[in-house]
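For the record, the sequence lines run as chains U and A.
End of the first sequence sits at 625 in my numbering; the numbers just go up one at a time, nothing left out.
End of the second sequence sits at 625 in my numbering; the numbers just go up one at a time, nothing left out.
Hints should not be assumed to be uniformly reliable.
With the Cβ distance kept under 10 Å, some of the chain U side facing chain A (calculated, not the full set) [stated by the list, open to error]: (1) 115; (2) 119; (3) 135; (4) 148; (5) 182; (6) 200; (7) 371; (8) 576; (9) 578; (10) 580.
For lysine-lysine, the following DSSO-like pairs were computed, each having C-alpha atoms within a straight-line distance of at most 27 Å [claimed, not checked]: (11) 403/A - 15/U; (12) 15/A - 403/U; (13) 403/A - 46/U; (14) 352/U - 337/A; (15) 51/U - 571/A; (16) 571/U - 15/A; (17) 482/U - 571/U; (18) 316/A - 403/U; (19) 571/A - 46/U; (20) 337/A - 403/U; (21) 446/U - 331/U; (22) 331/A - 191/A; (23) 482/A - 15/A; (24) 352/A - 191/U; (25) 337/A - 51/U; (26) 403/A - 316/U; (27) 571/U - 51/A; (28) 46/A - 403/U.
Simulated from the structure, these hints should not be mistaken for laboratory data.
Virtual Cβ for every residue (Gly too), placed ideally from N, Cα, C.
Listed below are the residues making up each chain.
Protein chains: 2
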Amino acid sequence: MKHNYLNNLPLDEAKALYTAHLHAAGFSATAETVRTADANGRVLAKAVYAKICSPHYNASAMDGVAVRAQDTFTASEHDPLLLTPDMYRVVDTGDPIPDGFDAVIMVEDLIDAGDGAYTILSGVHPWQNVRQVGEDICMGDMIAPTGTALTPALCGAMLAGGVTMVDVLRRPLVGIIPTGDEIVPPTDAPKTGEIIEFNSSVFRGMLAEYNADATLYPITPDKKDAIRDALQTALDECDAVLISAGSSAGRDDYTSEIIASLGTVLVHGLAIKPGKPAVLGEALGKPVIGLPGYPVSAIVVMTEVVAGVLAQWYGKTQNTQETVQAVLGRKIVSSLKYTEYVRVALGRLGGKLLASPLSRGAGVITSFTKADGILTVPQNCEGYETGETVPVRLLRPAAEIEKTLIVTGSHDPLIDEVADLLAQTGAPFRVSSTHVGSMGAIYALKGGLAHMGAIHLLDENGAYNESYIKRFFPDGGAVIEKGVGRMQGLMVARGNPLHIKDFTDIRHVRYVNRQRGAGTRILCDHLLRENGIDAAEINGYDNEEYTHTAVAALIAAGNADAGLGIYSAAKMYGLDFIPICRETYDFLIAEDCADDPMVRAFLDTLRSAACRECLARMGGYSLED
Amino acid sequence: MKHNYLNNLPLDEAKALYTAHLHAAGFSATAETVRTADANGRVLAKAVYAKICSPHYNASAMDGVAVRAQDTFTASEHDPLLLTPDMYRVVDTGDPIPDGFDAVIMVEDLIDAGDGAYTILSGVHPWQNVRQVGEDICMGDMIAPTGTALTPALCGAMLAGGVTMVDVLRRPLVGIIPTGDEIVPPTDAPKTGEIIEFNSSVFRGMLAEYNADATLYPITPDKKDAIRDALQTALDECDAVLISAGSSAGRDDYTSEIIASLGTVLVHGLAIKPGKPAVLGEALGKPVIGLPGYPVSAIVVMTEVVAGVLAQWYGKTQNTQETVQAVLGRKIVSSLKYTEYVRVALGRLGGKLLASPLSRGAGVITSFTKADGILTVPQNCEGYETGETVPVRLLRPAAEIEKTLIVTGSHDPLIDEVADLLAQTGAPFRVSSTHVGSMGAIYALKGGLAHMGAIHLLDENGAYNESYIKRFFPDGGAVIEKGVGRMQGLMVARGNPLHIKDFTDIRHVRYVNRQRGAGTRILCDHLLRENGIDAAEINGYDNEEYTHTAVAALIAAGNADAGLGIYSAAKMYGLDFIPICRETYDFLIAEDCADDPMVRAFLDTLRSAACRECLARMGGYSLED
C-alpha cells in the first residue's frame with residue numbers, strides 16, 4: 001500500500017520561497033484601460049493626475065447676482081448701495097461668472113428696488129461666493145498613486161479632474177478544478193459514499209474577496225490523465241489554478257505529481273494545522289496550488305497562502321487584516337509541530353472582548369460559519385491558558401462583534417429559534433450560542449464569559465437548577481429566569497426494533513452518550529445510580545456527543561441503538577421516543593447583565609406568542625412557567 | 001426673484017419620521033430563490049436548516065483499512081495482532097465504512113505481513129478514525145438565522161447540509177436621475193459653464209456597498225415636465241429613486257415640488273452640514289430622495305440617509321460602522337445650527353491615533369478621497385479643541401490606517417511622486433500628506449502630529465531651515481534630512497502680457513498669495529520687507545491659496561496676474577516664470593521617528609534614481625545635497 005510523506009515546512013519559509021519563485025517567473029498583473037465611471041473597486045496600474053481643474057471655470061457658488069467687487073465696497077447698512085441692471089448679471093449656482101465680474105451676492109441679500117434694481121447692505125470682496133478655478137482639484141495634481149483601490153469618491157474625483165479612462169490592473173482569473181471519484185455536484189439526496197462538492201463555491205466566494213474572478217471546471221475523477229488535461233486547459237485560460245483535493249500523499253493523491261510533470265512543485269506539506277497537505281507549485285509562470293479536500297483545511301490554505309498570491313499579483317507585499325486583543329475563554333493546547341489556526345467566536349462582556357475556541361476538526365465547516373476570528377498559535381507555542389490575552393484576526397467587522405449576545409450552556413434548538421425570531425424583528429444585535437452543557441454554563445457565568453446560559457441540572461432531590469445556583473453562586477452573581485419544561489427520554493430507532501422498554505434496557509444495546517457536564521449526561525448518571533447500573537456495563541458510555549440532534553443522527557444512522565435526548569430531536573429524525581421525565585430548562589443570567597437590553601430582548605422573545613407557536617411545532621415543550 | 005426656505009430638521013427626527021412613513025408604505029424586500037452556490041453576499045430571507053447530515057454517511061477519516069473495533073482490542077506492542085484479509089476492507093479518506101465495520105486503522109500503522117495480511121501493534125475503539133454521520137452538521141440544525149449576510153463558508157455549510165436553493169432578499173434596484181441644464185457626461189474638455197456629471201458614478205459605487213443595484217437614467221434638464229417624466233419611469237422600474245441636484249429651494253430647484261406632485265415630501269432641509277438641502281419623499285410606496293448637487297453634500301446624505309433606507313429594505317434597524325477614538329490634530333469650530341460631518345485623515349503616531357480635519361467645503365470631493373474617517377460634531381456642540389479625544393467613524397479598514405506615514409508641511413508635488421514610487425515598489429504602508437505650510441510642519445512635529453514635515457523656511461540672514469530648528473527645538477526633538485533645492489519665482493501669464501520684470505512689479509497687478517505659515521508666504525513677506533513694500537499696497541495679498549498648483553491655476557485662468565511659486569508648477573500650467581531664488585526644501589523628522597522603517601523608506605526613495613528622473617522631468621529641482 002503506497003504511502004508517501006509530506007514535508008512540514010514552516011509557513012513563512014514556504015511563502016518566502018514561493019513568492020520569490022513566482023516573482024522570478026514573472027507572475028504579476030498587466031494593466032488594462034477601463035471607463036473611470038466603471039472603475040470602482042479596481043486597482044490603479046499607475047498614478048492618476050488631473051487633466052483639468054475642478055471647477056474648470058469660475059463658477060457661482062450661490063444663486064444670486066454676479067457683480068464687480070470693487071463696485072460694492074462702500075455698501076453698508078448706513079449707506080446702502082443701489083445695484084442697477086448694468087452693475088450685475090443674474091447667476092444660479094454653478095453658472096460661470098461673466099467676463100468682467102468677480103464676485104457674487106446671494107439672492108437672500110438682495111432687496112428688490114423695482115425697475116430691475118436691487119439694494120444691498122454690504123459689499124463683497126473679490127471672488128467671494130465664487131468657486132474659483134481649481135478650488136477642488138488643480139490640473140496636474142496627483143489624484144491617487146499607483147496601487148490605490150478605487151473608491152466611489154475617487155472615481156468621482158477622477159471624473160471631476162477630466163480623467164474619463166483609467167489604467168487599472170487586470171483582475172486575475174483563477175481556475176478551480178474539483179477532483180475526486182466520490183465528488184458529486186450539490187444535491188439534497190446524495191448516495192452513500194458520494195461527497196457533495198461545495199469547496200469550489202467557497203473558493204469562488206473567497207476569491208471575490210481577493211479581487212479575483214473564478215472559472216469553475218467540471219469535477220474531474222481521480223485519474224492522472226484527466227487531472228493533467230484539466231490543468232492544461234486551466235493554465236491556457238487562467239492566471240492561476242487551484243486543484244481541490246488530492247493534495248496529500250495518499251493512494252489517489254496526484255496533485256503534486258501532476259504539477260511537477262507540467263512545471264515545478266516548490267512546497268508539498270506545510271507546518272500548519274489545519275492545512276498541512278497543501279501543494280505550492282508553478283507552471284507556465286502561473287501559480288498552481290493543490291488545496292486539501294477537507295473544507296476547513298482548504299479555507300486555511302486559501303487565507304494563509306492564496307490570499308498572499310493574489311496580493312502579489314496586485315503588487316502588494318502583504319495583506320492587512322485587522323487584529324484585536326481578546327481574552328481566551330477556554331484553554332488551548334497546540335502541537336509544537338505546527339502553527340495552528342484556531343477559529344474563535346468573539347463577543348464583548350463587561351468591557352472585555354472574549355474569544356471562545358470553536359471545534360478544531362478539519363472537516364467541520366461550521367467552525368468557520370460560526371467563527372468571528374482566527375487565533376494563530378505559533379509553531380513554538382504549546383498553547384494558551386484560559387484568561388490569557390491573545391491576538392485574534394477578525395473575520396467580520398468589529399462593530400458587528402461589539403453587538404453580540406453570548407448565550408452558552410445546554411443545547412436546545414429553541415435558542416436558535418429565539419435568535420431567528422430576534423433577527424426577524426430586526427434586533428440590532430446577534431446571538432452567538434455555543435453548546436458547552438449546563439455545567440459549562442455555570443462555569444462560563446462564574447468566569448464572566450457569557451451574558452446568559454441555558455441549564456437543566458437535576459439534583460439528588462429530583463429538583464432542577466435552584467440548588468446548583470445556591471452552591472455555585474453562594475454570594476449571588478447569577479439569577480434564574482424561568483425557561484421551558486421539556487420532555488427527556490430515550491431515542492431509539494423507528495419502530496423500536498430492539499424492543500427497548502425503559503432506561504435499564506440500555507445495558508443490552510449500543511448506547512450513545514452526551515459529554516461530561518451536559519444536563520442530559522447528569523440525568524443519565526442519575527438514572528444509572530437510581531437503577532444500580534455500573535457505567536462500565538454500558539456499551540457506548542464513552543461515546544460522547546455534544547447535541548441532541550447529533551445523538552439522534554447517530555441512532556437514525558444505525559451507529560447506536562439508544563441515547564437520551566429531548567422529544568423534539570427524536571421527532572425531527574423520525575425516531576421512536578420513550579419518555580422518561582419532564583425537566584426544567586431555565587436561563588441563568590449574569591447578575592450584572594440582568595438589565596442588558598440584549599438579554600431583555602432575548603427573554604421577551606422567548607415568551608412571545610411567536611416563540612410559543614414555534615415550540616408547539618417542534619413538540620415536547622411545556623410553557624406553564 | 002423666487003426664493004423659498006428649507007426646513008432645518010434634526011437628522012434623527014427626520015430619519016424617524018421617514019422610516020415610519022416608509023414602513024407604513026410597505027417598503028421592504030421581497031424574497032427570491034437562488035442557487036446556494038451563487039448566494040455569496042446575499043441576505044437570508046428566512047432561517048436555513050440542514051436538510052441532510054454532513055457527513056451523511058459514516059466516512060473514513062483516513063486512508064487505511066476498515067475493521068471491527070472489537071477484533072482489535074487485544075493488539076499491543078507485546079502482543080501484535082495479525083489482520084487477515086477477511087478482517088478488513090481497504091478504505092480511502094471519505095470512503096463509506098462497509099457494513100459491519102466500525103473503525104479505521106490508518107495506513108501508517110499497518111505493517112505488511114505478506115499474503116494480504118497486516119500486523120498491527122495497537123487496537124482502535126469503535127468509530128475511531130471515522131467521521132460519523134452528522135459530525136459537522138445535523139439534519140434539522142439551523143445553519144443561519146433570518147437576515148444573515150451569506151459568507152463563502154456559510155454557502156459551503158448550506159451545500160454540505162443539502163440546501164441547494166436558498167431564499168434570499170431581493171437586491172433593491174435604485175434609479176438615479178441626474179438633473180441640470182449645465183450637466184454634461186464625463187469629458188476631459190468641458191466648455192465653460194458645463195459641469196461634469198460624476199455624482200451618479202459615485203452614487204452607484206456607494207449603492208453597491210449598500211447591497212443595491214443601480215439604473216442610471218439620462219441627464220434630465222431643469223424642466224419640471226422632463227424631471228417628472230423621468231421620475232415616473234424610474235418609479236415604474238425601480239425600488240427607490242435618487243434625484244441628483246435641484247434639491248434646494250432656488251430658482252431651478254424642482255425636486256421637492258415634483259415629488260410632492262407624485263407622492264409625499266416628508267422632509268425638505270436637514271440640520272446637517274454638508275447635506276442640508278435634501279428632500280426625503282415617497283411615491284408609490286417607494287423612497288424618492290432629492291440629493292444636493294454638491295458632491296460632498298450628496299455623499300453625506302447618501303451615508304446618513306440613503307444607507308439607512310437600504311438597511312430598512314433589508315429589515316435592519318441600524319448600520320454598524322466601526323468607530324474609533326482619535327486625538328484631534330487641529331481645532332474645529334462648528335455651528336450650533338447643524339450636525340456637522342468633518343472628514344478627517346487618520347494615522348497612528350507614538351501610540352496615538354491622530355485625526356487631521358480636511359477641507360470642509362461642500363464642493364471639495366478630494367476631502368472625501370483623502371478621508372479615512374468622519375468626525376460627527378453634534379448640533380449642540382460648538383466644536384472640539386486641538387488634542388481632544390473624539391469619536392471617528394472609519395471609512396477604510398483600521399489595519400490600513402495603522403500603516404500610515406504622516407507627512408505634513410510645505411506643498412510640493414514631489415511628496416506625491418515619492419508616495420507613488422513607494423507604492424510602485426509595493427511598500428507595505430501608505431503616505432498621508434497634508435499641506436499646512438512649513439510653519440505648520442514645525443508645529444505638527446512639536447505636537448507629535450506627524451512623522452515628518454517638509455520645510456523651506458528663510459531666515460533674516462537669507463539661510464534656510466537650520467535657525468528655525470534651533471529656535472523651535474532648542475532641546476532637540478527633530479532632525480533635518482536634506483531634501484532638494486528648488487527654484488522659486490513669479491508665475492505670470494504665458495507671454496507675460498503685463499511685462500512683469502521683477503518682484504516689485506507685483507504692486508501694479510492682481511497678486512495671488514499663499515496661506516500664512518507657508519514657506520512661500522514667508523518668502524513673499526521677506527521680499528516685501530527687502531524692497532520696502534507695504535503689504536497693504538498689494539492687490540490680492542489676502543487672496544490665499546494652499547498649493548503651488550492652485551496659485552498657478554488661478555493665474556492661468558486669469559483670476560490673478562502673478563503669484564510666487566515653484567518652477568514645476570509654472571511649467572505644468574504653461575506659465576511664464578521669473579526666477580527669484582533657489583531655496584532649500586528639506587525634511588524635518590520627529591527624532592523618535594528617525595529610525596521608523598516608513599520614514600527610512602521615504603527618504604531612501606527620495607534619493608533613488610527613479611526619483612531623480614522624476615524631478616528632472618518636473619523641472620526646477622537641484623540635487624547637489
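Verification of the supplied hints:
Evaluation of the residue 115/U hint against chain A yields a violated restraint, the C-beta minimum of about 14 Å exceeding 10 Å. For residue 119/U, the suggested interface contact is broken, since its CB lies about 13 Å from the closest CB of chain A, more than 10 Å. Checking residue 135/U against chain A by beta carbon gives a least distance of about 6 Å; that is within 10 Å, so the hint holds. Using the Cβ-Cβ criterion of 10 Å, the hint placing residue 148/U at the interface with chain A is satisfied: the shortest such distance is roughly 7 Å.
Interface restraint check: residue 182/U against chain A, minimum CB-CB distance 5 Å, threshold 10 Å, status holds. For residue 200/U, the suggested interface contact is upheld, since its CB lies about 8 Å from the closest CB of chain A, less than 10 Å. Because the beta carbon of residue 371/U sits about 8 Å from the nearest beta carbon in chain A, less than 10 Å, this interface hint is met. Hint status for residue 576/U: violated, given a least beta-carbon distance of 17 Å to chain A, over 10 Å.
Against a cut-off of 10 Å between C-beta atoms, the interface hint on residue 578/U is violated, since the closest Cβ of chain A lies about 20 Å away. Below 10 Å, beta-carbon pairs count as interface contacts, and residue 580/U has none with chain A, the closest being about 22 Å; its hint is therefore violated. As the CA atoms of residue 403/A and residue 15/U are separated by approximately 22 Å, the hinted pair is consistent with the 27 Å bound. For the hint linking residue 15/A to residue 403/U, the alpha-carbon distance of about 22 Å falls within 27 Å, and the restraint holds.
With a C-alpha separation of about 21 Å, the suggested pair residue 403/A and residue 46/U falls inside the 27 Å cut-off, and the hint holds. For the hint linking residue 352/U to residue 337/A, the alpha-carbon distance of about 38 Å lies beyond 27 Å, and the restraint is violated. Simply put, residue 51/U and residue 571/A have alpha-carbon atoms about 14 Å apart, close enough for the 27 Å limit, and the pair holds. Simply put, residue 571/U and residue 15/A have alpha-carbon atoms about 46 Å apart, too far for the 27 Å limit, and the pair is violated.
Taken as a hint, the residue 482/U and residue 571/U pair is honoured in the structure, with Cα atoms around 24 Å apart against an allowance of 27 Å. Of the pairs offered as hints, the one joining residue 316/A and residue 403/U holds, with about 13 Å between alpha carbons and a cut-off of 27 Å not exceeded. A hinted pair counts as satisfied when its Cα atoms are at most 27 Å apart, and residue 571/A with residue 46/U qualifies at roughly 22 Å. For the suggested pair residue 337/A and residue 403/U, the alpha carbons sit about 32 Å apart, so the restraint of at most 27 Å is broken.
Between residue 446/U and residue 331/U, the direct Cα distance comes to roughly 16 Å. Compliance with the 27 Å bound is thereby established for this hinted pair. Of the pairs offered as hints, the one joining residue 331/A and residue 191/A is violated, with about 39 Å between alpha carbons and a cut-off of 27 Å exceeded. Straight-line distance between C-alpha atoms of residue 482/A and residue 15/A comes to about 54 Å, which puts the hinted pair past the 27 Å bound. Distance restraint check for residue 352/A and residue 191/U: the Cα-Cα separation of roughly 59 Å exceeds the 27 Å cut-off, and the hinted pair is therefore not satisfied.
Of the pairs offered as hints, the one joining residue 337/A and residue 51/U is violated, with about 38 Å between alpha carbons and a cut-off of 27 Å exceeded. For the hint linking residue 403/A to residue 316/U, the alpha-carbon distance of about 13 Å falls within 27 Å, and the restraint holds. For the hint linking residue 571/U to residue 51/A, the alpha-carbon distance of about 14 Å falls within 27 Å, and the restraint holds. For a cut-off of 27 Å, the pair hint linking residue 46/A to residue 403/U stands: about 21 Å separates their Cα positions.
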